[in-house]
Amino acid sequence: MKRLESTSKVIPSSIMIMILLLWEVASRRSIDLARMLPPPSEILITLISNIQVLWQHTRITLFEALTGFVISIILAVLLAILMDGIIIIRNALYSILITSQTVPILVIAPLFLMWFGFGYLPKILIVILVCFFPITISLLEGLQSVDKEMLNLLKSMGATRFQCYKLVKLPAAMPNFFAGLKISGTYSIMGAIIGEWVGGKDGLGVYMMRVRHSFAIDKVFATIVIISLLSIALIKIIEIAEGKMMPWLQLQKQKNMEE
Amino acid sequence: MKKLEVVGIEKSFGSLHTLKEVSIELKDNEFVSILGPSGSGKSSLFNIISGLSIPDAGSVFIEEQDFTGKTGRVSYMQQKDLLLPWKTILDNVSIPLLLKGIGKKEARKRAAGYFSSFGLGGFEESYPSQLSGGMRQRAALLRTYLFSNDIMLLDEPFGGLDAITRRKMQQWLLQVLESLQASILFITHDIDEAIFLSDKIYVFSERPATVKRIFEVELPRPRNNSTLTCEAFTRIKEEILSLL
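The listed protein sequences correspond, in order, to chains E and H. Using the working numbering, the final residue of the first sequence is 275, and nothing's skipped along the way. Using the working numbering, the final residue of the second sequence is 497, and nothing's skipped along the way.
Keep in mind that the hints were calculated from the coordinates and are not lab data. In this text, a Cβ means the ideal position worked out from N, Cα and C, and glycines have one as well. Check before you lean on any hint, since a few could be wrong.
[Said to hold, decoys possible] Stretch by stretch, here's where chain H covers chain E in the computed footprint (C-beta under 8 angstroms, at least three residues):
(1) 160 to 173
(2) 182 to 195
(3) 266 to 273
[What the hints assert, rightly or not] Negatives, chain H to chain E, calculated, CB over 10 angstroms:
(4) E278
(5) G366
(6) S370
(7) F371
(8) G372
(9) G386
(10) M388
(11) D403
(12) D415
(13) T418
(14) A435
(15) F468
(16) N477
(17) C483
(18) T487
Based on the provided sequences and hints, a complete structural model is requested.
Take a look at the structure:
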C-alpha cells in the first residue's frame, strides 16, 4: 500500500520535472523561442522580483473570487434544496439554469461592465455565474439519489421534513456537494480573471493585460504561475475540508481498497 | 393483553392485489412470525402497520387504539441495516431518541447503556463500515428497540447474513429478548427460523397474501440447539411444509 502511494506521487512529479528541464534547455538554446517562451528559471526570477506588485493584484483577484465563491455556495445550497423539495420549482428552474450556462461569459462580461461599472461587483457577478451551477446541479443530484428506504425508516420513526434533511438527505449528498465545489473552486479564479480582463483598475487579469501589451512575456507567465497556484491551493483546501467533514468516507474508501 | 391487532387489511397496488383480509394478533411479550413466500406482500403489511402506507380497507390497533396510517408509534427493522454511514454507531442508535425530542447528550447516554447487552460494547465510536454484518444488524435492532421498546417489527432481519452468523444471531436474539420484555412481529421465509423463535406462526399464501393457517408453537423455553432436532420441532416443520 505505502509503496503504491509513493510511486503514484513520484511518477507525475518526475514527468513534470522532465518537461520543465526540456523547456529550460530548448528556450536557452534559441533566442527566438526564448522571446515567446521564456525559460522556467527566468519566469521564477521575474516572479520573485515582482512579488510585491503581483501580491497587490493577487489580493484583489482572490477577494473577488472568494466572495463570489461563497455567495455561489449559499445560493446553490438554497436552490438545490428548494428544487429537491418542490417539484414545480425544479421543473421551472432547471431549464433556466441550463440556459444561464449557455451564455458565453466573454460576451456577457463587457455587458456586466456597462451595467455595473468598473468596480468589483461585475467581477463577483461573473464568478457567481460560473460557480453556482456546478454546485447546484451536483448537490441536487446528491439529494435526489438518497436511499428511499432510509428515508422511510426515519419517517416511520416520526421524523419531520427538516429532520429528514438534517439527518439523511444533506449528509448523503455531501460527496456530490464536494465534487461540485472542486469544479467551482477552479472556475472561481478563472471567472474573476475574465471579469478583470474586460476592464478594471486592478487584479491579476488587469495586470496580465498590461504586461502583455508591453510584451513582457515573462511577467505574463509569472501571472499564469500565480493563477495556477491559487487554483491548486483552493482545491487542496476544499479537499482538506472534505476529509475533515466526512471521516466516514475515508474509512469506506480504505475498506474498498482492501477488498 | 392485545398489544397489536391488525383487522381485515386489504391492499392493492394498481391491479395487483397484494393483501387480502389479513388479520393478525400480537399479545404482550409474544413472538409472532409471519411465514410466507417472497413477494407475498409481507413487507407491505409492515409498511401499513408502521403507518407509512394506508390500507384500502381494515385497521391497525395498537393497545386498542386506532393507529391506521399514523407513523411514529412502531418502527421496523429490515434485512438491510439502514445505518447512516456518516454517523457513528452510537449516534446512529441514538436517532430514535433524538426524534422523540430527547437531548443529544442524554440520548447518547441512554443508548450507550444498552451496548454491552447487544454485543456492541467498545464499538460506540466506530462507523458502520467498520463493523461486521452481524454487528450491524444488532445495532439496527438496538435502534428499533430504542424507538419502540414494546412492539418491534422485524422484516427478515437476518436474511442477508451467512448461515452460521444467522444461527448465532437467532440464539442471541432469544437470549436478549428474555430481558427486554418486548412483543415482536417477525417476517421470514425460513421455516426453521420461524419455529425456533416463535410462539405463534402465521403462514401466508401466495399473492394475494392471506392467512392460510395459524400454528401455535409450544416448544419449551429457553430454546437451544437441541430444540432444532426435537420431535415436536420436526412435527410442526412437516405440517408447515405440507401446507406450502
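Results for each hint:
1. 160 to 173: It holds, with 9 qualifying residues against the three required.
2. 182 to 195: holds (count 5)
3. 266 to 273: It holds: at least three residues are needed, and the stretch 266 to 273 of chain E offers 3 whose Cβ sits within less than 8 angstroms of chain H.
4. E278: holds (21 angstroms)
5. G366: The assertion about G366 (chain H) holds, with a minimum of 20 angstroms to chain E.
6. S370: Per Cβ check, S370 (chain H) is outside 10 angstroms of chain E; nearest 22 angstroms; holds.
7. F371: Check passes; 18 angstroms lies beyond 10 angstroms.
8. G372: The assertion about G372 (chain H) holds, with a minimum of 21 angstroms to chain E.
9. G386: For G386 (chain H), whose nearest Cβ neighbour in chain E is about 13 angstroms away, the distance exceeds 10 angstroms, so it holds.
10. M388: Check passes; 14 angstroms lies beyond 10 angstroms.
11. D403: holds (15 angstroms)
12. D415: holds (16 angstroms)
13. T418: holds (18 angstroms)
14. A435: holds (16 angstroms)
15. F468: holds (28 angstroms)
16. N477: holds (32 angstroms)
17. C483: Label holds. Min Cβ-Cβ 37 angstroms, cutoff 10 angstroms.
18. T487: holds (37 angstroms)
Going down the numbered hints, you'll see the structure goes against none, and every one checks out.
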